[in-house]
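Engineer: For the record, the sequence lines run as chains Y and P. Per UniProt numbering, the very first residue in the first sequence carries number 1; after that it's consecutive. Per UniProt numbering, the very first residue in the second sequence carries number 1; after that it's consecutive.
Just so you know, these hints were derived from the structure itself, not from any lab. Values in this document were obtained by computation on a predicted structure and should not be read as measured data. We put the CB at the ideal spot given by N, CA and C, even for glycine. Incorrect hints may have been included.
Rough simulated footprint, nothing fancy, chain P against chain Y, three-plus residues with beta-carbon under 8 Å [unchecked claim]:
no. : region
1   : 22–36
2   : 40–50
3   : 197–208
4   : 234–246
5   : 268–279
6   : 297–307
7   : 357–370
Part of the chain Y face toward chain P, derived, beta carbon under 8 Å [claimed, not checked]:
no. : residue
8   : Asn16
9   : Ile168
10  : Pro214
11  : Leu217
12  : Ile327
13  : Ala328
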Amino acid sequence: MDNIAGTKSSLTWAVNLSVIFLVVLWLIPTVGLLVSSFRDRDQISASGWWLSPFAVEQNFQAKIPAGEARQDGEFFVIEGNIFSGGEGEVIRFGGARSNPTVAAAGETAELTRDRSLTVQENGDFVYRSPAEISRDPSVYYSTATPPDFSLDNYQTILFSNNMDIAFINTLTVTIPATIIPILIAAFAAYALAWMDFAGRGLLIAMVVGLLVVPLQLALVPLLQFHNSIGIGQSFLGIWMAHTGFGLPLAIYLLRNYMVGLPRDIIESAKVDGATDFQVFTKIVLPLSFPALASFAIFQFLWTWNDLLVAKVFLPSNAESWVMTVKIADDLLGSRGGDWGILASAAFISIAVPLVVFFTMQRYLVRGLLAGSVK
Amino acid sequence: MSPLLQGIVTVIIGVGGCVGYFFLSNLILDKVIFPPRADNPGRNINRANLVRPWLFLFPAMAALGLYLVYPVVGSFYRSLFNRSGDQFIGFGNYTTMFSDDGFQIAFFNNMLWVLFVPAAATFFGLLVAQLTDRLKWGNIAKSLIFMPMAISFVGASLIWKFVYANNADIGLINAIRDFFGASEPLDVLQVRFWNNFFLMFILVWIQTGFAMVILSAALRGIPEETIEAAIIDGANPFQVFFKIKVPQIMGTIVVVWTTITILVLKVFDIVYTMTGGNFGTDILPSYMMSYMFRDDGRATAVAFVIMIVVLPVMIWNIRQARAEMR
Numbered sequence: 001m002d003n004i005a006g007t008k009s010s011l012t013w014a015v016n017l018s019v020i021f022l023v024v025l026w027l028i029p030t031v032g033l034l035v036s037s038f039r040d041r042d043q044i045s046a047s048g049w050w051l052s053p054f055a056v057e058q059n060f061q062a063k064i065p066a067g068e069a070r071q072d073g074e075f076f077v078i079e080g081n082i083f084s085g086g087e088g089e090v091i092r093f094g095g096a097r098s099n100p101t102v103a104a105a106g107e108t109a110e111l112t113r114d115r116s117l118t119v120q121e122n123g124d125f126v127y128r129s130p131a132e133i134s135r136d137p138s139v140y141y142s143t144a145t146p147p148d149f150s151l152d153n154y155q156t157i158l159f160s161n162n163m164d165i166a167f168i169n170t171l172t173v174t175i176p177a178t179i180i181p182i183l184i185a186a187f188a189a190y191a192l193a194w195m196d197f198a199g200r201g202l203l204i205a206m207v208v209g210l211l212v213v214p215l216q217l218a219l220v221p222l223l224q225f226h227n228s229i230g231i232g233q234s235f236l237g238i239w240m241a242h243t244g245f246g247l248p249l250a251i252y253l254l255r256n257y258m259v260g261l262p263r264d265i266i267e268s269a270k271v272d273g274a275t276d277f278q279v280f281t282k283i284v285l286p287l288s289f290p291a292l293a294s295f296a297i298f299q300f301l302w303t304w305n306d307l308l309v310a311k312v313f314l315p316s317n318a319e320s321w322v323m324t325v326k327i328a329d330d331l332l333g334s335r336g337g338d339w340g341i342l343a344s345a346a347f348i349s350i351a352v353p354l355v356v357f358f359t360m361q362r363y364l365v366r367g368l369l370a371g372s373v374k
Numbered sequence: 001m002s003p004l005l006q007g008i009v010t011v012i013i014g015v016g017g018c019v020g021y022f023f024l025s026n027l028i029l030d031k032v033i034f035p036p037r038a039d040n041p042g043r044n045i046n047r048a049n050l051v052r053p054w055l056f057l058f059p060a061m062a063a064l065g066l067y068l069v070y071p072v073v074g075s076f077y078r079s080l081f082n083r084s085g086d087q088f089i090g091f092g093n094y095t096t097m098f099s100d101d102g103f104q105i106a107f108f109n110n111m112l113w114v115l116f117v118p119a120a121a122t123f124f125g126l127l128v129a130q131l132t133d134r135l136k137w138g139n140i141a142k143s144l145i146f147m148p149m150a151i152s153f154v155g156a157s158l159i160w161k162f163v164y165a166n167n168a169d170i171g172l173i174n175a176i177r178d179f180f181g182a183s184e185p186l187d188v189l190q191v192r193f194w195n196n197f198f199l200m201f202i203l204v205w206i207q208t209g210f211a212m213v214i215l216s217a218a219l220r221g222i223p224e225e226t227i228e229a230a231i232i233d234g235a236n237p238f239q240v241f242f243k244i245k246v247p248q249i250m251g252t253i254v255v256v257w258t259t260i261t262i263l264v265l266k267v268f269d270i271v272y273t274m275t276g277g278n279f280g281t282d283i284l285p286s287y288m289m290s291y292m293f294r295d296d297g298r299a300t301a302v303a304f305v306i307m308i309v310v311l312p313v314m315i316w317n318i319r320q321a322r323a324e325m326r
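Construct the complete structure from the given sequences, taking the supplied hints into account.
Structural biologist: As structure tokens, this is what we get:
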């Protein structure tokens, strides 16, 4: 539809601009998380992630050695450099914790009890006190620190916070819960698509109805059932639960796809003496690969990202936490203010789905279309 | 045995078991029970073909029955009993629940979610689908807007916790307020009533991609002649969109709308992660989770209320599916 008469160039500009605006709006939150996950925790609270490429003004504290005081008239004076030999550039400074940046570099700050403090930009300071200086006085100063990007947050979260265990647990839940329903559903979908028997229509209607049954209903009765047959809260239990919950969509998607396969191929195979089992394994299954892939991606994303089923069907101890539970129940509580750690944890948990998403988007879109547009 | 190893073994046993079941059951059916030999081969083949669909269907039907059909009945039955499950109290759980303030707030909020999220997600989805339809870089734009679909609700909540953070040096919202001269940072998640919308927007952010993909395909499917005819008749782009395109994809819009509505009634993760249901943001799924493991009678009663709300959509879906098959 590129060259339809009536397309206006001014409108094209507006369209381009508004799409750019929407894309940026949709991307900003994720970009913020990604950038923050690489930043030092003090820098995160000192400046917004959108300022992260620039130097950050951070506050520091230095002690002045009282032993170096000398008497100058009626004052006791200490002179020196707060960077003690290092390089740096003081922006503001002060002598009290309550007001650490009271004066700009080069000015003189009047402190309590008639003391005064002067700090130059290069760090040279003069501290004057009318009384003898007994304890090391503190100097507070702010200086511009260059941006500090590192993998420290990832290291902390992975190797000292058990996120690695949670990652493996998520993987453990996901793999069987993705593969097993595909197989069960494929056979059922073939029967519903290509075999004639009484009650077929009713079963299809039932599958369609079960697509929307709220998961919440299943939690209490099934947990009781698992407890009564001795599975309890365990990985076996969650695999079975995910298999059951994934089946309606799997059967529905696969049946819709298989019904569209050319009738000629299947009938000529049958005429040549193939049994239903052979038709299924040798013809229908290979031809249905796109639908199988679509469902596999769906189920993978769903089980990987799930919080509800994992909270109910897995034991609630640190060894069996999956990543979503770990973040929601543990990190947000114990590390609530540590944004760098939270950001890197979130990014670890969404990295695999994002890779799957961008590499297999084609199948995902196809599955969505097969599952909804009717 | 480590869980991962256990998982791999389970995959092998599960897959092997499934393949073995289907293969052996078919083999037994064809060779042992109804062999196409003996006195009556034709009759035996026909009988085998009567049984075979049920062999194919059995594992799936058993799993569906146990994991989705039985719970509907089981949950309802459980909801008629008290907290510990040993005393029948009829609709006692429902009556105490309906008079509970927490439930009323959760129900009201859930209705807000059901009204706002599908409407907003469908609106943005349609907007993006239409705008990117003729763009050269439309596919890249769509792929980026689609991306949140891959992110877990927990991950998305964390992402937005940054945006909403109660600190002008972390949260984008407060940074913008700061820029326009607000002196104190504001915790938007504690602003009564409106905080619900901040939570809803997270789900809109996720679901817009879904709406966009489906509506974009529907827009592509519109016959071009209808659009060309309208343009030749002098319709401007807005008239083409609202009077030609939208009416033709109305069916798809309804499907997208109802699909997102169903999803909204299931999502508890966002509220759970962002506010834990505090500050008047509870919705039914998170209200239910607060009773889960504590009072199963109340929890199942809430779940059944969700089921009742979903029921009309379920019936409508089944009718649509049946109409198609004819």
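Engineer: Which of the numbered hints are not met once you compare them with the structure shown?
Structural biologist: Hint check: nothing fails, all pass.
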